[in-house]
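Enquirer: Produce the complete structure using the sequences and hints provided.
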Amino acid sequence: MCLSSVVRILLVSGVFLMSGAISKPQDLTGSYIEDPFRQMEEILPTPTATRTASGAPGPGYWQQRADYKIEVELDDEKQRILGSERIRYQNLSPHTLTYLWLQLEPNLFQPNSDATLSETSPSFESLSFSAVRRLLAQKTFEGGVKLTKVGESQGNELNYRVVKTMLRVDLPQPLAPEQKFDLHIDWNYQIPDQSLMGGRSGYEYFEEDKNYLYEIAQWFPRMAAYSDATGWQHKQFLGRGEFTLELGNYEVAITVPSDHIVAATGVLKNPTEVLSNEQQDRFTQAKTAEKPVFIVTPEEAKKNEASRSKQKKTWKFSAKNVRDFAFASSRKFIWDAQGHPLDDRTVMAMSFYPNEGEPLWSQYSTRSIIHTINVYSKFTFDYPYPVAISVNGPVYGMEYPMICFNGPRPEDDGTYSKRTKYGLISVIIHEVGHNWFPMIVNSDERQWTWMDEGLNTFLQYLAEQEWEEDYPSWRGEPENIVTYMRSSDQVPIMTNSESILQFGNNAYGKPATGLNILRETILGRELFDLAFKEYANRWKFKRPMPADLFRTMEDASGIDLDWFWRGWFYTTFHTDIAIEKVELYQINTKDPEIENPKKKEREEETKQNISKERNQELPKFIEQYPELRDFYNEFDEYAVTDADREAYQKFLKGLEEKEKAVLERTENFYVLHLKNLGGLVMPILLQIEYEDDTEEMIRIPAEIWVRNPKSIKKLLITDKAVRQLEIDPKRETADTDRSNNYYPPRIVPTRFELFKRKTQKNEMQKAKEAEEKANKKKQETASTEKEEKAEAEE
Amino acid sequence: MINFSRLLAFTVLLVVGGFQTATAHPFHATLAEGHWNEESKTLEVSLWVPSHDLEKLLLKRTGIQNLLDQGKPADQAIHSYLKETIQWREKPQGKPVPLKWIGKEVSVEETWLYFEIQLTQEPGGVLEYRLFFEQEPEQQNSIEIIKGQQKTTLHFHREQPSRPVRFAPLLR
Ligand SMILES: [Zn+2]
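Sequence order for the protein chains is P and C.
Positions 339 to 1132 (the working numbering) are the ones given, in order, by the first sequence.
Positions 24 to 195 (the working numbering) are the ones given, in order, by the second sequence.
Take the hints with a grain of salt, since some may be wrong.
Stated by the list, open to error - Below, computed lysine-lysine pairings styled on BS3-like, alpha-carbon distance capped at 27 Å:
#1 P:K1094 with C:K170
#2 P:K518 with P:K487
#3 P:K1013 with P:K991
#4 P:K658 with P:K641
#5 P:K919 with C:K170
#6 P:K759 with C:K95
#7 P:K1096 with C:K64
The hints are simulated quantities; they were obtained by calculation from the structure and are not laboratory data.
Expert: Right, here's the structure in full:
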């Protein structure tokens, strides 16, 4: 609560600043720039018996539970959902409740919803045909839930109030801790045309064969979450911040036209009633198959498109320990499946898609599910559910427990671009991956988008890189976030879901990159993987908050990461470490025989200038009249005298052997002056190249910035001479300005200049150009030499 | 979820028959950097856009599938779109200054566009920047303009399609 109001204030000022010329980095901690290593206690919530200071759930941890029995009919004639549900709500909190809150998310599509009303006006100078269609549809679509009964299971009606996308139900008597309450709700609603209205759910109509494909989600009144950290989570649904729900068991009976194929969260309980014998046989065969097996083949699906059965069938599904339930239904579905062994279980990886998805879907969908299960299980915990399903339909990418909706399809002619192929694999990995975050590690999406999207995008990146070498991942590499980090109109990651500017970079890219930096650069893979796994296992089937992640990662790794959380998650500072200058020191032996010539040499170096150089050849007056010379003409202040030698011997006598040994050392002492220009403290990754062509990498922890977060000096002792230094050569820290990362300084071309250079000349042209340049230089030197000579002669 | 803004996004492409052009991204934003080249009096701009958004736009404007993967025709289509949507006026009521196409780099998820804005004096005036506004209601665009040690970031969205170009001393 407190933090989000801070965010709002900052956001307002952000908007104000954007209209001016200056954008100032935001800092939710208020003190980061002065003291980045200040501990987090003052900004994290105080540990409780529910959530401990170690980041683990405490002995008093509790969460509510909701079990559902639902009967639903999908009306394919009128595109409607008619449902009846019994919810058993268990109050496992230590509090007595007098009312309950439920979510009515289809109300988003009411013409007077907050989402519609708060949408700002389009610019009418450039409004497309489709935009107008959508705006008009929004105004007239009869969306929203119609409640036909809200009562106790015994039949008594209950008082209730619909508050936009939320439903408040008053309890007949207070619900004490450990008590249960059974609710009975009947409802119906019109399914939106997803292609027109958008959203996470809806139908797609296929003009050619006049069939519908339904992806149904957020479709029944669901218990809102009630937790120790937020109380009732009943922030209105505006379309962006997703949801958080209670875990429970579901028994769902879905009635559809008998020629439909249904995919749903959970296990099909009545295959003998809804599948043909052949389909059942194929399913059994798929359990142990080496590759996906068709339960419904493309040809069968094509044929089925012409069917118009008047009969109905009821598909019964059962799902245990899930926080939600979604399904898909169509005549058009091809269905393939492959059993994937996990410990002593078999997880059925399955895909449902129309012929429009072919040939891409049968080749990649089910395999992508299996790959995701393997990689995510390795980094967290074994996939606990019996099925994992990917459905192709109108929704581009959306996750629910055990089932997800993914959009990419090939062209009409069956060809597809590289973008479509990798787009499909990536979206399936991403959406199946959401089973871990937030379906099982049940974070609050409406409050903190990054807690599931950021963590999931990070694991998606790891899974993509294990799919094939150089997989074209979009997010994860530090270098890919540089442009965003450099830009000034950001809000911190710790910003409520609805208030985020630049959703994708803020809630997906930046947190994913942060975890990657922690893994590769700050903690190292071994320590990071250990700690991340600990977090996943501690909060599996529980409800973590940001502090639980921050605390667990430190608790399990043994490394204080407060500075990193504060900088990367609570501020908008960026990494920009610069080499300001480099100084070289050597030990003064005090031996006049060694030091005096050195001094002389240095003195002469400093006295050099162009006139002196040119005057050297001039005949001098006193050379003509040697009698003018006296003592001072001969005196060499650096000549070694006996007195000098005596003094040195005396000095040596006063030293101990150990001290004498130091004097004999010949190392170079380099002092590097480093500046933190971006504000964010980071480890300094220093690549040193020596004059003898050897190289060395020194990784200095971020704690070097403890005493002065803005500028530091680092001593480098080496017996070799340094030729060149570079900070972060492997692009690990998202350093936003590389031009100041070098010693000696280097001019780093901008992206624009690099591109221009690369594209405007071919290699031959470049070679020719280089040759011409060299020739020109030769001529120039020749002519200057000539001029100089001429001048000297004058 | 990958694609929140399909909630408010839409497409006529279904009529055309292509579906895969739906956006792959949970947000619609572009980022750009313009470096002021004092010598040539040009702003050298590198503009980052999600490939899917650009592909969707090109299909809508030209009716050609996968235009982005083609060379010249794509360059021409993008250049003319940039000229329509990015207009820099040195005087508020003046004519927009020329925008010169340099080239593009296309990869699976992201595309970089390069162009020059030819000014007659130091960067100033008003920048209008309507990239993708007709396609995505929630589109956010920003450009950082760097002139020696000074820089300024301008942010554009549908309600704020143009901004004055002003510099203030760099805050460190
Ligand atoms: Zn997602």
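Enquirer: Identify every previously stated hint that the structure contradicts and give their numbers, smallest first.
Expert: Violated: hints 3 and 4.
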